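Chains as they are written, first to last, in the working numbering: chain A, 2 to 303; chain B, 17 to 320; chain C, 6 to 373; chain D, 36 to 534.
Hints may be right or wrong, so weigh each one.
Some chain D residues judged to face chain B by a derived CB distance under 7 Å, without partners named [what the hints assert, rightly or not]:
1) Ser139
2) Asn148
3) Ser151
4) Ala155
5) Asn157
Keep in mind the hints are simulated off the structure, nothing from the lab.
Remember, predicted model here, so these are calculated numbers, not experimental data.
The beta carbon of each residue, even a glycine, is placed where N, CA and C say it ideally should be.
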Amino acid sequence: MTERAMPIKNNNRRIDFKSLLWILPVLIVLAFLDFYPILEGIYFSLTDFNQFHFFNYGFVGFANYSYIFGSPELRTVIANTLVWSVGSTVVMVPAGFMLALIMNQKNLRGKYIYRSLYLFPWAFPAFLTILVWSNMLAYNGGVVNDLLGLVGISSIAWLTSPTYAMFSIIFVNFWLSFPYYTFVYTSAVQSIPNELYEAAEMDGYGSLRTLTRVTLPLLKRQVAFITIFGFIFTWNNFYVPFLLTGGGPGISTQILITYSYLEAFSYSNYALGAAYAIISILILLVFVIVTNHYTKMMSILY
Amino acid sequence: MENKYSKKEKVQRREEVDVFRMNNYYKNIRTLKKIASHLVLILFALFAVFPIYYVVITSLNSIGSLSASSLADLLPNTKMTLVNYSQIIFQHPFFIWLRNTLILTVASTFIGVMLSITSGLAMSRLNVPAKRMLLYMLLILSLFPFTMMVIPFYFMFSNFHLLNTYLGLIIPYSAGAVIYSTYLIKNYVDGLPTSYEEAAQMDGLSKAGALFRILVPMARPVIVFAAVLAFMGPYTDYALAGQFISSPSLYTLAIGMYYVSQGSITMNYGTYAAFSVLMGIPIFILFFVFQKYLVSGFSLSMYK
Amino acid sequence: MGSLSLQNIGRNFGKNKGVFDVNFEVENGEFFVILGPSGCGKTTTLRIIAGLETADTGHMFLDDREITNFPPRMRNIAMVFQNYALYPFMTVKQNIQFPLKIMKMSKADQDAKAEEVAKMLGIDDLMERKPGEISGGQRQRVALGRALVREPALFLMDEPLSNLDAKLRTQMRVELKRLQREFNTTTVYVTHDQVEATTLADRACIMNGGRVVQLEGPLELYNSPADTFVATFVGDPPMNMIPAKVKAANNEVMLEVLGQLIPLKNFTIEEGQEREVKLGVRPEDTLVGDQGIEANLAVIQNVGKSVYEYFKVGDLTIVKQDTKNSGLVIGQNCYLFPDPAKLMLFDEASGKLIYKGGKMVKNAPTTA
Amino acid sequence: MSNSKKDASKEAKSRLLPKHGNVFWLKGFAVVAVTALFILGGFVVLFSHPQGSGPLSTSVPATSSNSVTITVWGSGSPGGEQHVFNSTLAYFEAQYPNITVQDSPAINVASTNFASAAHAGNAPDVYRDTSDNAGALYASGSVLNLSSYLNQSFVNSFTTGTIKDWTLNGALYGVPVNTNGVGLYYNMKLVKTPPKTVYQMLQDAANVTKNTTSTTNTSVWGMPYGLGTNYGYRAAAWFPAFGGQIFNSQEVPVLNSSQDTSAVSFLYNLTYVKNVSPKGLTSMAQEQQLFETNRSAFIIDGPWDQSLYTSYLGSNLNVTALPYDNATGHYPAPIWGSIGYFITSPQASGITSSQIWASLKFIQFETNLTAQKNLFTKAGDFPSLKAAGAFAANQTASDPLAAGWIAQEAHTQIQPNFPQMNFYWSNFHTYVGNLYDNGTHNVSSVMQAFQNAVVSQINQETATPAAPVNWTLYGGIIAAVVIVAGVGAFFYTSRKKKN
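Isolated chain A (complex conformation) (with noise of 0.2 Å):
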């Protein structure tokens, strides 16, 4: 049914005015959807739009921006930004590509139950299973306190305690999302010809060599692909830290992105909490642009 084959380039470069007509959903979405929201982001982020000026907010130029810069907060932030997305990404992209390469091998049985069972944790929604984890990692009562009381470990305070904070959360992303990237490396690891692999056993490559020779070179600019969108994602990914510990105990788990919702939602300062997303933003543009400029990544778009 899917015949794949190498796409035809199209030579045919005149450029189609029609073909406007056929993406206009997608500009107006990027116009009023997109752009505008972005561009009034921006636009608060100058401005003094808070609680004390509600009606009546100005221009103040840069003034948040320096605000945010003179203030002890950030350098915690970025940095817990940083862990929470290097921390989330290093465990669930490995650990995707390494369950696909596992359902990948020939002659092995199952597949198909352990994939509909790998279904769980993307199939449901998930703020559901966010609580359902707060629940489970309860100090008391708590189902996973209570399982290491069996093994005579003490209760640890999963979620209230800066020690273990980041990492439940790491923890309980990595449990959402390693079944969405074991799906998408299936998908890429089913794209390599059978014949590569006998090939490279004919070769007498062993399985650890048939990874670094065969499978990651002819796949390295999806696995960058994969990966660069993973961290991207995971870096703006709001209701993890937000619903299980709310930025606690302490700032030790806030996020640039809930540090935002925090600035403009608690204490009423919108244009704070703007100009916090506006600087996520560009530490992730410049993320993305070197990145590209080494990876190649974009290349997979076209």
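Given chain A's structure and the hints, the job is docking chains B, C and D onto it.
For chains B, C and D alone, coordinates are given in the frame of chain A:
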């Protein structure tokens, strides 16, 4: 013994023994590898399923509070009851919430996928001006956090008098679906040979006709996949619906769940679990039925 | 059914890619083959005829009707694609009926037509299967059926046999020729396989670098190639090409090749002049004798009906073809010489044929 | 087929000229076109800012015979309050047939939603919220000053405390419907007599605590108290016990004072020094669950949860005033806050004068004696009307629980209802939450950081000078940035294409 065989014979014999050993060795390695693979897969499967099992079993228990539960409650037992489910279904307008959710999700999935089929085909097959820039933009938009969008969205939709209406939610939901699905469909269609739609053009269809009548059926896996994802977003959304909907007659399941679990004087844990199960099951069935499309729907093939 | 005429057709993809100034006429009912290596522009030409690409310049006529800018569906042209492009979600029957369905033909007529074509192609027992469930040769027939069913004015084929195995390919070649006769459809056929070209074509044109190099019957292409490109492209194994010099001294015109002098008749050259040329000899025109170019036999290939012998002369490899073994053993030295009546000379600079069959070619470039 | 041939030849004649080659400048044009579309999006910014309706005509009709529709958000917590609200509403609509009330239950009208709605000029006409949230909203200009609309005798019928709660800078900005605070619940099965002093309370708690770490289910705790879970509401009661306060009389935070520090130290020590509270409490619900299941002696909570606890503990439940500190002799003073109804400003909701009239009628009806009596009996809300308060006292003369609340009411502080209070709540959660970190933070440095954060945030919000926006200039700058970015992105991408 030692002198029974000549040296040459000895070597030969040793080789025979070695070959036998080696064969066994490789056989064992293969078995070990298989066992290890299954072990890893089973561990991850347990990890994946346990929280869901936990929520299902809790929803069947009548424990009011978390600290009253014990490990014994994790196993099926005689105290099981469906009271939590009956509470949700009969004491709250559950079916109205379900209806609202279905109206929103089905409409926005349909609109979003229809529009993204058109634009995905165009992005793949037509010479859209500044195509590459548009593609970059679509992706770079994923860098923007939603917290920044909430207030501007509210202002805009308030201006158009779209708050507290179905349309006011269908528009942003389908817009969100359009962005992601366009990119998915574009990527998938890129992997299909152009000769199919060319053949259709030779058979008498116009370019547009060929794209729609030939490529759309061929891109069914990705369209189904995009539809599943497009369904998932509005179905589970709380942030936007919570902002835009203030009239109880328009509550969605997600808001209703918030209402049930937060609204009762203290959060009834079993009720919450039961609601989670009720809400999760449709999505899970959807994912399960379309499972094969979830793998083939991603089009990150190596040729790209 | 239809006659096709291309006038100055050009399509520039930039960087010297595309097709340039293509002119040819295809007669009604003719089997016309476009032959060339990959990247020569033959497929682009075909796609321009089909309307899948639009020409930048030039005009195209089908039955004296200008169709240069017509969309494909308005041209009344059918095409068979290299990968057959059978719609995978339709059955064989639906595939064959698809063009008729678009023409809004009645269901009964559709069925009758499809049945008729399927019978003729011998695929009437596959009608309810999906393309994924039938073999390559059967898919080929279905693709042909889909193209034939609506009786187009022109029939285009883009390397339709290249996905088949060798035996099936030979079989389908015969079949194709038979069908073309039977339907009497004007056909433009693109291939890189010169055997297909020679067996199928009424006329063939050879393209290189986006231009038509030569347009003639398949035998003429073999016997009088217009230049070194055609000479080496047509024929398997290719023509031996040896750098040589024509010298006119002492009222005698001699060809100096690898140190040997061979007398040339009827070569127009001024006394005392020299001219750099390429000597082209077909393998079957390479002869072994008592004197000539000293060569060393390297490889013998016996394919049954003929024997190929590969000789080394310095860095050059010369192939000789004969119906039987020459009796030499590998490593043995011998003397090779070209059949003087069959040898061809090509201009060193332009590569054009200047001398053939013992006389100068008309309008041959004369500059030294 | 012959038909299409004919059509085709017609088409051919009209298009005999050959097409031209690649027209690369069109690409640039396309970029400009797309960019223009985005700038269009940008300019929506300029026009989408909702403008509030013009100045309100000061004359409010004494009566209105025209039909009026008002929108109401926040009709009370589900359960008792919701029930009372609905029955009161039914009476109201019967009495004023020309007024239609569209209401939304409390659950989905959080103050974030209200703020967005108010900013968009789309707020409801009547909103129900706590006095401090309403105070901040009043300061933002979203709330109507009711001083001129309500006569003095009406205002005087409320207790002075609640009226003070709803007054900011001399303006009455809402009508209170109840008054509440926290007290000390105790389980009489575990503690026979209520503690009078903090020392006694700790003593009782220590006696009760039976911490068996093996399985959590058998542990009993004296006084579970999750320091970071309550956003400072319950903790505020303890500042006065140690002689401290949140804001001084100049509305400047004094959280780093030694008094406030010792108050927080006291709460911190419950877990880490006295060991009468379990570690790792993440939500109020966990404290409640322990209390409900006889596994804790005390809980600090308000009357709104009384019916819940009664359902679990029955006659074992009792409540008392928070005990006073032996060392300082001060009583803890919980924030004795109030929930009330207020009317939004025309700028926030576009409210008309007849809607103001209808809204005034509505909030007077919802806060009248009948409604408050019902709220007291059905939902346990403490009344804000003097008359209703007397009724309540009469009703509960024999009720030991009511006696406890009345004792507590004697030691309360007025809720600070100015906008700065906003910074106290979340910063409490953020900074005092740090004390979860077992022993690595010391309380005084945490309180200092808390103080600094609140001060700097207040300064940031109030000190920045606001200037009117020069739209032509900044719109131009934004447009220029977008154009440059768009064109730059285009050239960047097209440059790479050649490689």
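Now for the hints, and whether the structure bears them out:
1. Ser139: 4 Å, holds
2. Asn148: 6 Å, holds
3. Ser151: Hint on serine 151/D: holds, closest Cβ of chain B at ~4 Å, below 7 Å.
4. Ala155: 4 Å, holds
5. Asn157: 4 Å, holds
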